[in-house]
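Protein chains: 2
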Amino acid sequence: MPSAPRPPDLKLTGLIGTLRCAQLFSGLPAEDLTTVAGFIQAVSLGKDDYLFHEGEPSRGCYLVQSGAINVHRVNAAGKEQVIHVFRSGESLAEASLASPTGYPANARAVEPSTVLLIPKAPLLDLIGRWPDLALRMLGSMSAHLRVLVSMLDDLTLKDVETRLLNWLVKHARDTQDGVIHLRGTKRVLAAELGTSSETLSRTLARLRDERLISVDGKTIAVHDAGQLAAMLRHNLGEA
Amino acid sequence: MPSAPRPPDLKLTGLIGTLRCAQLFSGLPAEDLTTVAGFIQAVSLGKDDYLFHEGEPSRGCYLVQSGAINVHRVNAAGKEQVIHVFRSGESLAEASLASPTGYPANARAVEPSTVLLIPKAPLLDLIGRWPDLALRMLGSMSAHLRVLVSMLDDLTLKDVETRLLNWLVKHARDTQDGVIHLRGTKRVLAAELGTSSETLSRTLARLRDERLISVDGKTIAVHDAGQLAAMLRHNLGEA
DNA sequence: GGGCTGCCTTGATGTGGGTCAAAAAAAACA
DNA sequence: TGTTTTTTTTGACCCACATCAAGGCAGCCC
Numbered sequence: 016m017p018s019a020p021r022p023p024d025l026k027l028t029g030l031i032g033t034l035r036c037a038q039l040f041s042g043l044p045a046e047d048l049t050t051v052a053g054f055i056q057a058v059s060l061g062k063d064d065y066l067f068h069e070g071e072p073s074r075g076c077y078l079v080q081s082g083a084i085n086v087h088r089v090n091a092a093g094k095e096q097v098i099h100v101f102r103s104g105e106s107l108a109e110a111s112l113a114s115p116t117g118y119p120a121n122a123r124a125v126e127p128s129t130v131l132l133i134p135k136a137p138l139l140d141l142i143g144r145w146p147d148l149a150l151r152m153l154g155s156m157s158a159h160l161r162v163l164v165s166m167l168d169d170l171t172l173k174d175v176e177t178r179l180l181n182w183l184v185k186h187a188r189d190t191q192d193g194v195i196h197l198r199g200t201k202r203v204l205a206a207e208l209g210t211s212s213e214t215l216s217r218t219l220a221r222l223r224d225e226r227l228i229s230v231d232g233k234t235i236a237v238h239d240a241g242q243l244a245a246m247l248r249h250n251l252g253e254a
Numbered sequence: 016m017p018s019a020p021r022p023p024d025l026k027l028t029g030l031i032g033t034l035r036c037a038q039l040f041s042g043l044p045a046e047d048l049t050t051v052a053g054f055i056q057a058v059s060l061g062k063d064d065y066l067f068h069e070g071e072p073s074r075g076c077y078l079v080q081s082g083a084i085n086v087h088r089v090n091a092a093g094k095e096q097v098i099h100v101f102r103s104g105e106s107l108a109e110a111s112l113a114s115p116t117g118y119p120a121n122a123r124a125v126e127p128s129t130v131l132l133i134p135k136a137p138l139l140d141l142i143g144r145w146p147d148l149a150l151r152m153l154g155s156m157s158a159h160l161r162v163l164v165s166m167l168d169d170l171t172l173k174d175v176e177t178r179l180l181n182w183l184v185k186h187a188r189d190t191q192d193g194v195i196h197l198r199g200t201k202r203v204l205a206a207e208l209g210t211s212s213e214t215l216s217r218t219l220a221r222l223r224d225e226r227l228i229s230v231d232g233k234t235i236a237v238h239d240a241g242q243l244a245a246m247l248r249h250n251l252g253e254a
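Chains as they are written, first to last, in our numbering: chain W, 16 to 254; chain L, 16 to 254.
Hint data in this document are derived by calculation from the structure and do not stem from the laboratory.
Heads up, a few of these hints could be off.
Remember, identical chains collapse to one label, so a pair may be satisfied in a single copy or spanning two.
[As the list claims (entries may be wrong)] Straight line, CA to CA, 30 Å or less: simulated DSS-like cross-link-like pairs of lysine-lysine:
1. K173 to K135
2. K201 to K173
3. K62 to K135
4. K233 to K135
5. K201 to K62
6. K173 to K185
7. K135 to K201
8. K185 to K201
9. K233 to K185
10. K233 to K201
11. K62 to K185
Take these sequences, add in the hints, and give me the full structure.
Structure, rendered in structure tokens:
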């Protein structure tokens, strides 16, 4: 886990910019922002480097500056279950701050990334001076809880086609033209859906053959979101 | 959701006792405890009464005083997925405090219960004056997160034999002689394990043929819990 | 007794999807 | 540019499990 040293002034300015954009710190008075920038540490990760492992005592929580961090568990059978992929501006591992048992999962960079480590002690200190921060952290954790809860929902959706439809419908809503751009590889998406890249490939092909979507590299175009949703409802209907 | 009015003085004393025992408030100075007791509201629930439903705007978070509250989701296919059963002293729905989308799940009393509603506004106010409370709430949420994460682990325990072994080992621990008495039919157990009664029957038969258990009606006798556990570990080992 | 009605068990069959293997396509690198 | 490396796609195969269907076995009540 190498950390690249950089000219402190430039670094500081960049950091403050990043912090200002993160929902965790937006609205924090400039002077506090500088304080925060003073105690955070930038960490550079190469692809597949681990940021932390399950059970390790918590050093603090993290803010993704660039790249993508895959948070996952390895279940007793040795299979990796993706919990969430965090991208720039998102914060992770808040849960570990107040937990005696260390990090609850593993975190690994899916691509070269830089992450800001926000050490535990000064952060807890800052909460005392700026209680609003606690609220934001609660908010952020409640979002994570929601992610987990929705994963549970997804996992109880039986077949891969249904899970993929669900994913497509959900993500097509975030765009206006129904064109979804994958940020990671398809293998990562497959893992997120709890399947293999082969099966994902086949399922996408099936939907393409039925003219419901078109796929080109990392771009998936949803032709008719309504139709997909109808198909999803239909799949759920018989159970 | 009827709330029973009671003599204010006695009520107050009882409340403060409850609060002092809850990990959320233990250690809070007596005067603050009184403040809290002043703004919380007791709610009495009959069996199967709902405390809140998914999506409802948050009134605040809750502390179970007596009884048991089942927090669950209903997934798209209409199946109810239990997230956790909260019992006296535990707090729930902290996540809803900082979330714009209301409660993330449903909560229903599994038996007659009394719950303390801690209204949102004054609680947020108290956090400002006593930041340690925020930490405790973070801690409590991180515990909830862990529960969810361990549920994920269970759901990914792939085959039925493994899930059944897991169930047997867990339940055999609650008895001294290793004899488990089913409370529902085998079909219900099958549903709990996420399989069909036929497959459960076959799997039980297999374990019986290997002399690991014996089955007679609603009674399952585990001959050697250690051996089952070893088998479970073995199943998990290769994958 | 002889019919019901549930639950459990066993057999036969079909299929979703995981895995191995290898070709095809894209990206990365020299 | 060609060459390696990674990703994606396809094909072949297999297995765990759901599902359908047919008996056993109880406990019922008439």
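Hint by hint, here is what the structure shows:
1. For the identical chains of this complex, K173 and K135 are neighbours neither inside a copy (40 Å) nor across copies (37 Å), given an alpha-carbon limit of 30 Å.
2. Within a single copy, K201 and K173 get their C-alpha atoms as close as 20 Å, and across copies as close as 22 Å, so both meet the 30 Å cut-off.
3. Within a single copy, K62 and K135 get their C-alpha atoms as close as 26 Å, which meets the 30 Å cut-off; across copies the closest is 43 Å, which misses it.
4. In this assembly of identical chains, K233 and K135 lie within 30 Å of each other by CA distance neither inside one copy nor across copies; the values are 38 Å within and 44 Å between.
5. Within a single copy, K201 and K62 get their C-alpha atoms as close as 16 Å, which meets the 30 Å cut-off; across copies the closest is 47 Å, which misses it.
6. In this assembly of identical chains, the alpha carbons of K173 and K185 lie at most 30 Å apart whether taken from the same copy (17 Å) or from different copies (26 Å).
7. Taking the shortest alpha-carbon separations for K135 and K201, neither the intra-copy value of 35 Å nor the inter-copy value of 42 Å comes in at or below 30 Å.
8. When the C-alpha separation of K185 and K201 is checked against a cutoff of 30 Å, the pair qualifies only within one copy, where the shortest distance is 17 Å, while the shortest distance between copies is 37 Å.
9. In this assembly of identical chains, K233 and K185 lie within 30 Å of each other by CA distance solely inside one copy; the values are 17 Å within and 44 Å between copies.
10. For a Cα distance limit of 30 Å, the shortest separation of K233 from K201 inside one copy, 8 Å, qualifies, whereas the shortest one across copies, 47 Å, does not.
11. Taking the shortest alpha-carbon separations for K62 and K185, only the intra-copy value of 27 Å comes in at or below 30 Å, while the best inter-copy value is 36 Å.
Hints 1, 4 and 7 from the earlier list are contradicted by this structure; the remaining hints agree with it.
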